[in-house]
Every structure is written in structure tokens, then in C-alpha cells.
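**Q** Knowing the structure of chain A, use the given hints to seat chain B on it.
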Amino acid sequence: MASAEAAGGELRDLTSIDRLVHEPARFMILALLYVVESADFTFLMNQTGLTWGNLSSHLSKLEEAGYVEIQKEFKGKKPHTMLHLTDEGRAAFRGYRQSMKQVLDDLPD
Amino acid sequence: MSEKINLKDLERKAFRSTFQDGLWDIFLGLLLLNMGGGTLLGGSEMSLLWSMVVLTLFAGAVLILFWAGKKFITTPRIGSVKFGAQRKSKLKRVRLALFVSVLLGALMALWGVGSSVAGVPYVIARLPLPAYVWAAQCVVVFSLAAYFMDVTRFYLYGVLYALPFPLGVVLAQNTNLSGSVSMAITFGLAGGPMVLVGVVLFFRFLRRYPVGAQ
Numbered sequence: 001m002a003s004a005e006a007a008g009g010e011l012r013d014l015t016s017i018d019r020l021v022h023e024p025a026r027f028m029i030l031a032l033l034y035v036v037e038s039a040d041f042t043f044l045m046n047q048t049g050l051t052w053g054n055l056s057s058h059l060s061k062l063e064e065a066g067y068v069e070i071q072k073e074f075k076g077k078k079p080h081t082m083l084h085l086t087d088e089g090r091a092a093f094r095g096y097r098q099s100m101k102q103v104l105d106d107l108p109d
Numbered sequence: 110m111s112e113k114i115n116l117k118d119l120e121r122k123a124f125r126s127t128f129q130d131g132l133w134d135i136f137l138g139l140l141l142l143n144m145g146g147g148t149l150l151g152g153s154e155m156s157l158l159w160s161m162v163v164l165t166l167f168a169g170a171v172l173i174l175f176w177a178g179k180k181f182i183t184t185p186r187i188g189s190v191k192f193g194a195q196r197k198s199k200l201k202r203v204r205l206a207l208f209v210s211v212l213l214g215a216l217m218a219l220w221g222v223g224s225s226v227a228g229v230p231y232v233i234a235r236l237p238l239p240a241y242v243w244a245a246q247c248v249v250v251f252s253l254a255a256y257f258m259d260v261t262r263f264y265l266y267g268v269l270y271a272l273p274f275p276l277g278v279v280l281a282q283n284t285n286l287s288g289s290v291s292m293a294i295t296f297g298l299a300g301g302p303m304v305l306v307g308v309v310l311f312f313r314f315l316r317r318y319p320v321g322a323q
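So the sequence lines, in the order shown, correspond to chains A and B.
So the first sequence is numbered by the numbering used here: it starts at 1 and just counts up by one.
So the second sequence is numbered by the numbering used here: it starts at 110 and just counts up by one.
Don't take each hint at face value.
Stated by the list, open to error - In silico DMTMM-like links for lysine to aspartate or glutamate, alpha-carbon gap of 20 Å or less:
no. : chain 1 : residue 1 : chain 2 : residue 2
1   : B       : 180       : A       : 23
2   : A       : 61        : A       : 18
3   : B       : 179       : A       : 40
4   : A       : 101       : B       : 118
5   : B       : 122       : A       : 37
6   : A       : 101       : A       : 23
7   : A       : 75        : A       : 18
8   : B       : 191       : A       : 40
9   : B       : 180       : A       : 73
10  : B       : 199       : B       : 120
11  : B       : 117       : A       : 37
12  : A       : 77        : A       : 40
13  : A       : 72        : A       : 37
14  : B       : 191       : A       : 37
15  : B       : 191       : A       : 69
16  : B       : 191       : A       : 73
17  : A       : 78        : A       : 40
18  : A       : 72        : A       : 40
19  : B       : 122       : B       : 259
20  : B       : 197       : A       : 37
21  : B       : 191       : A       : 87
To be verified - Pair by pair, the computed Cβ-Cβ distance ranges are:
no. : chain 1 : residue 1 : chain 2 : residue 2 : range
22  : A       : 16        : B       : 191       : 31 to 37 Å
23  : B       : 174       : A       : 88        : 41 to 47 Å
24  : B       : 185       : A       : 91        : 32 to 38 Å
25  : B       : 212       : A       : 87        : 29 to 35 Å
26  : B       : 212       : A       : 74        : 36 to 42 Å
27  : A       : 51        : B       : 252       : 37 to 43 Å
28  : A       : 88        : B       : 185       : 28 to 34 Å
29  : B       : 122       : A       : 16        : 30 to 36 Å
30  : B       : 197       : A       : 64        : 29 to 35 Å
31  : B       : 185       : A       : 56        : 14 to 20 Å
32  : B       : 256       : A       : 86        : 32 to 38 Å
33  : B       : 215       : A       : 94        : 46 to 52 Å
34  : A       : 87        : B       : 241       : 51 to 57 Å
Claimed, not checked - Listing some non-contacts, in silico: residues in chain B with all C-beta distances to chain A over 12 Å:
no. : residue
35  : 150
36  : 166
37  : 188
38  : 212
39  : 245
40  : 260
No lab work stands behind these hints, which were simulated from the structure alone.
Idealized CB from N, CA, C, for every residue including glycine.
Next up, chain A with everything else stripped away, as it sits in the complex:
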């Protein structure tokens, strides 16, 4: 009974999980940007396997949240988009990993 209550408590902790990071495609983008300093749009597309539109829409949400900084520049006449995690995004990803690990580790078998 007590362990069921504890499990209920831990499950309630799941509501505090950052839903913006929790979405698989965004999690993949954040994980990739977490392990590198910066990457361009094409590199992220190839590594994640997301389509141009999908990636663009997820990046917009991450930019709105302040997790990703998007720098648009021109290389010659071609537009070039570089992306990197902000300090806030890095902290959010780290926090998400910790809280997910804690919740899942504390669940009874």
C-alpha cells in the first residue's frame, strides 16, 4: 500500500516534466545540439531524419521557448542557418534527463 502511494507520488512528478523537451523529435534535436557546439540546418536534417518542414516547425517552438538560438547568415548568395543551444536550453535538457531518470528509477518493479 505504501509503495503504491509512493509510486503515485512519483507519477504525479511526471506532470512537472518539460513537455517541450518530452516530444521525441524535439528531444532528438536537443540531444544533438547538446553534444555539439553548433550545427547547421542540413546537418540536423541528416542526423535526425526529419523533413525540412518538420524540423523547421520544431525549431521554431524551441526558439520561442529560448532553448535554441537560430543565426541566419549568407554564405555567398546562399542562406545558411546555424543553430546552437542557449544556456537555458542546455539547462532544460539536463533538467529533463535528471527528472526522467529520477522518476523512472524510483518506480517499483
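**A** Chain B alone, transformed into the frame defined by chain A:
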């Protein structure tokens, strides 16, 4: 702990993806073939100065091809990425090992030239030291590069770079072939497969990442 390993794997996979175009293989293979060509030129009637000019021009052309391939073919297809501090520090170690290797190579070249100059003591001139030092340093440098850059085929390339010089000496001593022809054969046999692997990887890369798909 497992999460740490997964993130490391993710970074490693991202880094390795920049090596799947085969350009490094073609570049390293062509440099070996250039060395083989160099021994042939050395054995020909061409003057040392002109041989050096031809070899330097060829090496320069290979370097320009490598740079242009990366800039105009690879990067537009797979994109560009800057890696983190840990990877940068690993690459710094590889560069340091390469610098020491080039320095040692230059010393060995001087030794080789010095040995052929009159006045060098017979005992020193007879020592086949450059061949052994070359082989050892190739294995060490390529192994370090393979380890720090996570590109396992560089271990094999270390062996392929190490063998031609000492094997060329053995071939020249045990056959009727001249030293320059023996060296050209061994360098060619080592460099050829590297170029071939690179070309296969390059065409596979072009098929996998068509530029229009971006």
C-alpha cells in the same frame, strides 16, 4: 551512466558522419602513391630539384582537391557542424602527434640525405634507421588518430603507411629490382587499395546524400 554513454555515442556518430565521404581515404592513398612516384622519379634521370618540384606540385594538387571536395561536395550534402570542447581537445592531440611525426620524418629525410653524402661514417650510413622509424611513427600516429578521432580504419591505414618503406628495402635486397622500382611497387600496393576504398565510399556517399534532396 548509460545516458552518458548514449550521449557519447550520439556525438561519436555525428563526428564519424563527417568521415563517410571517402575523401580522407583518397587523400591519404594519393599521398602514398605520390611517394611511390617520388621514388621512381628519384631513380630516373630527372634532377633532384625537378623531382621535388613535380612531387610538391602533385601533393599540392591532391591537397587542393581534398579541400575543394570537402567544401563543394561534402559540406553542401551533409551540412556543417562545430564540435564541443572535448572533441576539439582530442583533435588538438592528433595535430600535435602529426606535428611531431612530420618533424621526425624531416629528420629521417635529412638522415637519409646525410647518409648518402661523403664523409658520413660508414656505420651510420649503413643503418637502415629511417625505414624503421618511419614504420614505427606511422603506426603510432595513425593509431593515435584512429583512437582520438574514432575512425577505426585509420588503424589499418597506419599499417599500410608503415609497410611500404621497409618492405621496399627487403624487396630490393632479395630481387633483381632496383630500389626505386621496389619502393614504387610497395607504395603503389599500399596506396592503391586506400584510394579504391575512398572512391567506393565517395560514390556511396553521393548516392546517399544527393544534393537536390536538401
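**Q** Quick check on a hinted range of 14 to 20 Å for residue 185 of chain B and residue 56 of chain A, using CB atoms only.
**A** With Cβ atoms ~19 Å apart, the hint holds.
**Q** Is the straight-line distance between the alpha-carbon of residue 191 of chain B and that of residue 37 of chain A 20 Å or less?
**A** With a Cα-Cα distance of about 5 Å, the restraint between residue 191 of chain B and residue 37 of chain A holds, given a limit of 20 Å.
**Q** Is it true that the C-beta distance of residue 212 of chain B to residue 87 of chain A lies inside 29 to 35 Å, as the hint says?
**A** 41 Å, violated
**Q** Between residue 87 of chain A and residue 241 of chain B, does the C-beta distance stay in 51 to 57 Å?
**A** For residue 87 of chain A and residue 241 of chain B the Cβ distance comes to about 52 Å; the hint holds.
**Q** Would you mind confirming whether the straight-line C-alpha gap from residue 117 of chain B to residue 37 of chain A stays at or under 20 Å?
**A** 14 Å, holds
**Q** For the pair supplied as a hint, residue 191 of chain B and residue 40 of chain A, confirm whether the alpha-carbon distance does not exceed 20 Å.
**A** Answer holds: residue 191 of chain B to residue 40 of chain A is near 9 Å, not above 20 Å.
**Q** Honestly, do residue 215 of chain B and residue 94 of chain A meet the 46 to 52 Å range at C-beta?
**A** 47 Å, holds
**Q** Going straight from one Cα to the other, do residue 101 of chain A and residue 23 of chain A come out at no more than 20 Å?
**A** 16 Å, holds
**Q** Between the beta carbons of residue 174 of chain B and residue 88 of chain A, is the distance compatible with 41 to 47 Å?
**A** For residue 174 of chain B and residue 88 of chain A the Cβ distance comes to about 43 Å; the hint holds.
**Q** Please work out if residue 72 of chain A and residue 40 of chain A have their alpha carbons no farther apart than 20 Å.
**A** Roughly 10 Å between the alpha carbons, so the hint for residue 72 of chain A and residue 40 of chain A holds.
**Q** Is residue 61 of chain A within 20 Å of residue 18 of chain A, Cα to Cα?
**A** Distance of about 13 Å is within 20 Å: holds.
**Q** Within 20 Å, alpha carbon to alpha carbon, are residue 75 of chain A and residue 18 of chain A?
**A** 36 Å, violated
In this structure, the earlier hints numbered 1, 7, 25, 37 are contradicted, and the remaining ones agree with it.
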